[in-house]
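Colleague: Chain residues, written in single-letter form:
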Amino acid sequence: MNLPRTTAATLLTAAMLLGGCSGAASSEITVSDARVPVPPGPNGAAYMTLANDGDADDRLIAATTDVAGSAELHETATDGGTMSMQPVEGIAVPAGGQAVLEPGGLHIMLLDVAGDLREGDTVELTLTFDVAGEQTVTAEVVPTGDMPPMDMGSEGVTMGSESMETASEPMEMRSEG
Amino acid sequence: MRPSRRARRLLSLLAALMTVTVAGCGDAESASPPTSADPDALRAAAQLEIEVLPRQGAPDEVWGRVLDLPLPTPDFRLTATDGSTFDYVRDADAAVTLVYFGYTSCPDVCPTHMAAVGAAIDQLPPAQRDEVDVLFVSVDPAVDTPAHLGAYLENFDTAVTGLTGTTDAVNDALVSIGLPPTAVDATATEPPRHPSSVLGYTADGRAHVVWPFGTPPTTYAHDLRLLIAHGWRATT
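Listed in order, the protein sequences are those of chains A and B.
The working numbering numbers the first residue of the first sequence as 1 and each following residue consecutively.
The working numbering numbers the first residue of the second sequence as 1 and each following residue consecutively.
Hints listed in this document are in silico derivations from the structure and should not be mistaken for laboratory results.
C-beta atoms are modelled at their ideal positions from N, C-alpha and C, and glycine is treated no differently.
Treat the hints with care, as some may be off.
What the hints assert, rightly or not - Covered by chain A, according to a simulated footprint, are these stretches of chain B (three or more residues, beta-carbon under 8 Å): (1) 44-53; (2) 115-127; (3) 195-207; (4) 223-229.
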């Protein structure tokens with residue numbers, strides 16, 4: 001078929017645009033504040049913030065690292081004053097949103113950690129996302145118990161973005177006396 | 001009238017069932033139910049079901065969560081990491097005894113909470129550091145033998161008394177405080193649950209203040225100074 005040049009050019013541009021549209025829904029994961037506190041026992045945790053600047057919802061579904069026998073996704077929860085820990089199948093990182101992995105909440109559990117981690121070391125983790133695929137992250141080894149400051153108001157209980165979650169329990173205000 | 005053959009068979013079956021049941025109850029292993037909790041302990045410990053975050057109050061006030069109803073004195077005996085028996089009533093004699101329930105393979109909460117307590121004690125003047133005892137009771141005692149627990153606690157800067165024993169003994173300790181018996185045995189397939197708060201017992205034997213997970217070292221240090229100086233009256 002012998003198409004006139006302008007028609008061919010139009011068709012090619014249209015094809016490129018359409019091709020671009022079909023591949024436009026993607027996730028763009030940025031990892032920040034990745035850290036691993038020195039574990040006092042055989043198991044440890046990796047914490048970090050995952051931000052998704054793309055337009056497709058994504059999910060962290062697996063993690064591996066050379067410094068531990070295995071890594072699993074877990075969530076610590078408090079219910080009725082009792083803490084428990086459950087494995088989770090994935091950690092959602094919505095499009096345009098983020099997921100925060102922090103002490104007392106979501107975390108990557110590291111099982112059977114190498115015994116020689118020291119503050120100042122770095123640990124490489126390979127994270128696998130549903131959409132974004134594999135991504136390597138460098139986490140800093142920090143002191144045991146290193147955690148973001150709890151937002152403590154002077155009047156009563158406040159819940160800042162970095163404070164500990166207490167699930168859906170109602171908060172009691174201590175009466176001034 | 002002599003019971004019929006059928007009736008006699010039923011009676012012996014019933015007798016057999018009762019024997020098995022009674023034997024089961026008397027079994028020393030995990031089949032036996034833990035000691036019943038003191039109603040006062042249950043009532044006081046029920047306050048812990050609602051978590052209250054610490055708040056930064058006045059300098060002369062305790063910032064941790066002051067209980068309306070203090071926890072009564074625990075009454076239990078467990079094995080310390082050197083193999084000796086720790087009897088709470090006899091051996092908890094510091095100005096402040098902090099009680100924490102956790103386990104050594106805990107990846108997230110226990111290292112974080114214990115490190116916060118340790119950092120707080122480090123912030124105290126040396127003379128005051130001796131006035132605080134920290135008890136770490138394992139809810140995974142089958143894995144956390146005295147030696148294993150002792151090695152784990154070496155990793156924290158501050159001296160911690162590790163307590164373990166049989167699963168029943170640890171659950172008895174929890175129940176004596178009015179808390180749910182969440183210690184597990186060797187057959188457990190899930191990590192054990194444990195209270196989220198550190199309990200602070202003063203010389204009067206009771207715990208008037210508790211601190212939930214997430215309490216920063218500065219809050220612990222602030223409160224410990226007041227409790228060491230003034231005892232439980234620091235909470236009034």
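Colleague: Which of the numbered hints above does this structure break?
Modeller: Number 4 only.
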